[in-house]
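For reference, the chains in residue letters:
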Amino acid sequence: MSAPHPRRAAVTGIGVVAPNGTNTEAFWKATMEGVAVLDRITRDGCEHLPLRVAGQIRDFDPPAAIEERYLVQTDRFTHFAMAAADLALDDAGLGRSDTDAAPFSVGVVTAAGSGGGEFGQRELQQLWGKGSRFVGPYQSIAWFYAASTGQISIRRGLKGPCGVVASDEAGGLDALAHAARAVRRGTDVMVAGATEAPLAPYSMVCQLGYEELSTVDEPDRAYRPFTTAACGFVPAEGGAMLVVEAEGSARERGVPVRATLAGHAATFTGASRWRESREGLAQAIRGALDEAGCAPEEIDVVFADALGVPEADRAEALAIADALGPHGTRVPVTAPKTAVGRAYGAAPVLDVATAVLAMEHGLIPPTPNVFDICHDLDLVTVRARAAEVRTALVLSRGLMGSNAALVLRRGAAGAS
Amino acid sequence: MSDRITVEELAELMKKAAGVTVAPDELQRRSDSGFDTFGLDSLGLLGIVGELENRYGTPMPPDAEKSKSPRQFLELVNSALLAGA
Amino acid sequence: MRRRVAVTGIGIVAPGGIGVPAFWDLLTSGRTATRGITFFDPSGLRSQIAAECDFDPAAHGLDAEQIARSDRYLQFALVAGAEAIQDSGLDLAAENPWRVGVSLGTAVGGTTRLEHDYVLVSHGGQRWDVDHREAGPHLHRAFSPSTLASAVAERFEARGPVQTVSTGCTSGLDAVGYAFHTIEEGRADVCITGASDSPISPITMACFDAIKATSPSNDDPAHASRPFDARRNGFVMGEGGAVLVLEELEHARARGAHVYCEIGGYATFGNAYHMTGLTGEGLEMARAIEDALGQARLDATAIDYVNAHGSGTLQNDRHETAAVKRALGAHAYETPMSSIKSMVGHSLGAIGAIEVVACALALAHQVVPPTANYETPDPECDLDYVPRVARERRLRSVLSVGSGFGGFQSAVIMNLPREKTE
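Residue numbers (full-length UniProt numbering), protein chains in the order written: chain G, 1 to 416; chain V, 1 to 85; chain U, 1 to 422.
Rather than coming from a laboratory, the hints here were simulated on the basis of the structure. Do not rely on the hints blindly, as some may be mistaken.
Computed list of chain G residues with no C-beta within reach of chain U, every gap over 10 Å [said to hold, decoys possible]:
#1 R7
#2 D44
#3 E47
#4 E67
#5 D90
#6 E123
#7 A147
#8 D168
#9 P201
#10 M204
#11 G232
#12 G248
#13 G254
#14 A295
#15 F371
#16 T381
Example chain G residues on the side facing chain U (calculated, C-beta under 7 Å, incomplete) [as the list claims (entries may be wrong)]:
#17 G95
#18 V205
#19 T267
#20 C294
#21 H327
Using 27 Å as the maximum straight-line C-alpha spacing, the simulated DSSO-like pairs for lysine-lysine come out as follows [unchecked claim]:
#22 G:K130 <-> V:K68
#23 U:K325 <-> V:K16
#24 V:K15 <-> V:K68
#25 V:K66 <-> V:K16
#26 V:K15 <-> V:K66
#27 V:K15 <-> U:K212
#28 G:K130 <-> V:K15
#29 V:K16 <-> U:K212
#30 U:K212 <-> V:K68
#31 V:K68 <-> V:K16
#32 U:K212 <-> G:K130
The model shown is predicted, which means the values in this text are computed figures rather than measured ones. For glycine and all other residues, C-beta sits at the position ideal for the given N, C-alpha and C.
Bound-form chain G, shown alone (with noise of 0.2 Å):
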């Protein structure tokens, strides 16, 4: 791009509704710890599935978070997604005067994975068990991918670019770029991440096609990536929601720039084609190091994917050295999301919500329940590593085969 000033992309704030934490205090300090809360499903008409673990949210109370008519017009993915979306806003300190001032210069992206599978299941056995007269008149607003977008939109009365990516895991990261490109394009504050909720009976039984999915019994081996022992990955839902602006926005209101995205590249290499993917996964980090202008070196931590296949795990790790060479097998590198799962494109905005909490804290988080690593990598276990993080890369690759990576640089609030 040409412009001679180029308008950064800044965090200024997190908003975190996931199983180890429903606010981004609680779950820095679970992550930080290396609280594994993977656990036996317990939702109704789960409990006969083949699908025995994965990360629920249990202190979650929607009645306390959000107005009840918005309740009962949403599926719970849209539920996390509007109040992880309060907590990013609150946390920029951007209250409703504030974006009511400028509605245009706010806008949403969300990326979504599976859409409001719960609510449709509802619906759907109206439908089929009693007749199409017993079909809400939410379900045509509900079940759909856009639903979060939409809604927050319109409970907090932003009008800038709306925007979806219905994507797999990359997709995560995808909506931040896509967040980040709206801000240099002229958007003030983007209000941007993902949620998911797939842990209802019908969502399940779809995600058992996945061969990757892994239905380990129990809840401390059943998610072990870069492991001899790893056996697919485990489900979760939640998510985040961040609040991308502006640097010069930031400034003007005197709210700290947490963190800038520096850079972003996604690949494709085909869906379960581990092995693709570890030459479509480095060429997205060599992407997005060049788009950041950072040289590898100067990656300070990497949040893996860690899907937890053996094949698949190697493909990262190759590509984690041809991307950043020698430095590749020396770089710190953790996959906090063995505490909690794979929220599908949820995974990857909560890797980068703890990176930015990371940089803050001078804390790189452990990869709970992964021991004895199997690949050339020097991956951040038991517990956490204290190291000055400036630059931070995260990865993401989706089950249909995208490829993502993700450039963090610390901020001048992160710096002091």
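Please arrange chains V and U on chain G, whose structure you already have, making use of the hints.
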């Protein structure tokens, strides 16, 4: 089940179908106020009409979903129920 | 130097018009492809009509395995994609695959298969604790909306940025807009874009029944979709897919490609008002149009044709008329504005891309497609809606707009290539 829809039943339906909480006596007192002042939108009203149609097994007049106020709505649906009875 | 973005290939599967020639023939004839639903027994539904594609995937080159693995909307995208690639003359094997992207839209994705398998695993809606043993082998592909872009990228060996876009009924316009920005910003040189949806299934028909958005004119399906007409009573469900090959202009010129038109600008805004309701003012759609004009460096008076969202619901057509008047001013009254949904129905996420293809063809043929079934003026819709008969007209720049559930308002501007350097 009575053959008339009361403000109590309307209040219950507003809660169930649209997540709008309003006490029946307030609904009675403000029965000429717009549904929007209670926080009920067009989809919520459609949901209430659908629920009533399924409950009573009879179609409601097409204008019911366009009612502006509780009084107008109750008059319309009750006249339809009376005619259907 | 700004990178310019050309349309060099188009392909389409639409009701009444599979393949570009048949589609353009339908649009210019003013015939309608709406009829009583044949895919399933619609009795009990309020709206029992739709614009269905008479589509035989095997006749369009898909093999048995592709057909089994691919939900209907995927089949549309694969067939339209093959037509678009062939039309572009692009030799994908000679392209750098990392510089080829995919951006495809869908509103409801694999809903048809999700519903089909749901009926099996729930024993006809009888159980919440569904029985996974009854599920089909391809259900996970229907569950994941990214299957759309993924399947097309695999088929055409694209390795660049691959995205599925799902913003309800603006998905098609937004997917094209994202592809436009992807090339403009230098993240790819070629992007396979468009959209696909196959929503004619009981659950999708029932959910639009529940909000009375679809037309109940079951006794006269051919005349049921009546955008801008005073007697309009809702949209008619459609299905289909459209794919375009977008290419950086110099890349296209270097290989001597035929350029249909350029994408000049794209913008989208939210109305932050209501998930399904629209304001009377059309402020946000007007803003999207103005923003897209700014990107295209055009005055409002440069617009020669508006391809309307024109769904045929009472509120949409008024909203949109107000928005276009707000953005184009007095010029709106001199600009023909038509809705092809009168002929091919409203295929939710797909229609925006189908309409972009219609715009590319309008520019190529210098012909404006009509609004079929338009007979009785509505005093609140007072523009020139090109009633029933296609019209020859000098076209240089055209605008396509869309509105979607969630409050999304999008606009795309397309131009014949202008030779003056920027």
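Structure-based check of each hint:
Under the 10 Å C-beta cut-off, the non-interface status given to R7 (chain G) relative to chain U holds; the minimum distance is some 13 Å. For D44 (chain G), the non-interface assignment is contradicted: its Cβ lies about 7 Å from the closest Cβ of chain U, within the 10 Å cut-off. Not every CB of chain U is more than 10 Å from the CB of E47 (chain G) (nearest about 8 Å), against its label as outside the interface. Distance to chain U confirms E67 (chain G) as a non-interface residue, since its nearest Cβ pair spans about 14 Å, more than 10 Å.
At the 10 Å boundary, the C-beta of D90 (chain G) stays outside the reach of chain U, the nearest C-beta of that chain being 19 Å off. The beta carbon of E123 (chain G) sits about 7 Å from the closest Cβ of chain U, which is not more than 10 Å, so the claim that it is off the interface is violated. The Cβ of A147 (chain G) sits about 7 Å from the closest Cβ of chain U, inside the 10 Å cut-off, so the non-interface label is violated. For D168 (chain G), the non-interface assignment is contradicted: its Cβ lies about 4 Å from the closest Cβ of chain U, within the 10 Å cut-off.
For P201 (chain G), the non-interface assignment is contradicted: its Cβ lies about 5 Å from the closest Cβ of chain U, within the 10 Å cut-off. Residue placement check: M204 (chain G) does not keep its beta carbon more than 10 Å from all beta carbons of chain U (closest about 8 Å). Distance check for G232 (chain G) against chain U: the nearest CB is about 14 Å away, which clears 10 Å, and the non-interface claim stands. The beta carbon of G248 (chain G) sits about 20 Å from the closest Cβ of chain U, which is more than 10 Å, so the claim that it is off the interface holds.
Under the 10 Å C-beta cut-off, the non-interface status given to G254 (chain G) relative to chain U holds; the minimum distance is some 26 Å. The Cβ of A295 (chain G) lies farther than 10 Å from every Cβ of chain U, with a closest approach of about 21 Å, so its non-interface assignment holds. The Cβ of F371 (chain G) lies farther than 10 Å from every Cβ of chain U, with a closest approach of about 31 Å, so its non-interface assignment holds. Every CB of chain U lies more than 10 Å from the CB of T381 (chain G), the least distance being 31 Å, so the non-interface label holds.
Against a cut-off of 7 Å between C-beta atoms, the interface hint on G95 (chain G) is violated, since the closest Cβ of chain U lies about 16 Å away. The beta carbon of V205 (chain G) comes within 4 Å of a beta carbon in chain U, closer than 7 Å, and the hint placing it at the interface holds. Proximity of T267 (chain G) to chain U holds as hinted, the smallest CB-CB distance being about 6 Å (cut-off 7 Å). The closest approach between the C-beta of C294 (chain G) and any C-beta of chain U is roughly 17 Å, which is over the 7 Å cut-off, so the hint fails.
A hinted interface residue such as H327 (chain G) counts as satisfied when its beta carbon comes closer than 7 Å to some beta carbon of chain U; here the least separation is about 23 Å, so the hint is violated. For a cut-off of 27 Å, the pair hint linking K130 (chain G) to K68 (chain V) is broken: about 30 Å separates their Cα positions. The suggested pairing of K325 (chain U) with K16 (chain V) is violated, with an alpha-carbon distance near 41 Å, which exceeds 27 Å. Between K15 (chain V) and K68 (chain V) the alpha-carbon distance is near 18 Å, which keeps this suggested pair within the 27 Å criterion.
A threshold of 27 Å between alpha carbons decides the hint, and for K66 (chain V) with K16 (chain V) the separation of about 19 Å falls inside it, so the pair holds. Distance check on the hinted pair: K15 (chain V) and K66 (chain V) sit about 19 Å apart at the alpha-carbon level, within 27 Å; holds. Only pairs whose Cα atoms come within 27 Å are accepted, and K15 (chain V) paired with K212 (chain U) is accepted, the gap being roughly 22 Å. For the proposed pair K130 (chain G) and K15 (chain V), the alpha carbon gap of about 22 Å is at most 27 Å, so the pair holds.
For the suggested pair K16 (chain V) and K212 (chain U), the alpha carbons sit about 20 Å apart, so the restraint of at most 27 Å is met. At most 27 Å may separate the alpha-carbon atoms for a hinted pair to count; K212 (chain U) and K68 (chain V) meet this at roughly 18 Å. Only pairs whose Cα atoms come within 27 Å are accepted, and K68 (chain V) paired with K16 (chain V) is accepted, the gap being roughly 19 Å. For the given pair, K212 (chain U) sits about 19 Å from K130 (chain G) by alpha-carbon distance, which is consistent with the 27 Å threshold.
Hint check: violations occur at hints 2, 3, 6, 7, 8, 9, 10, 17, 20, 21, 22, 23; the rest are consistent with the structure.
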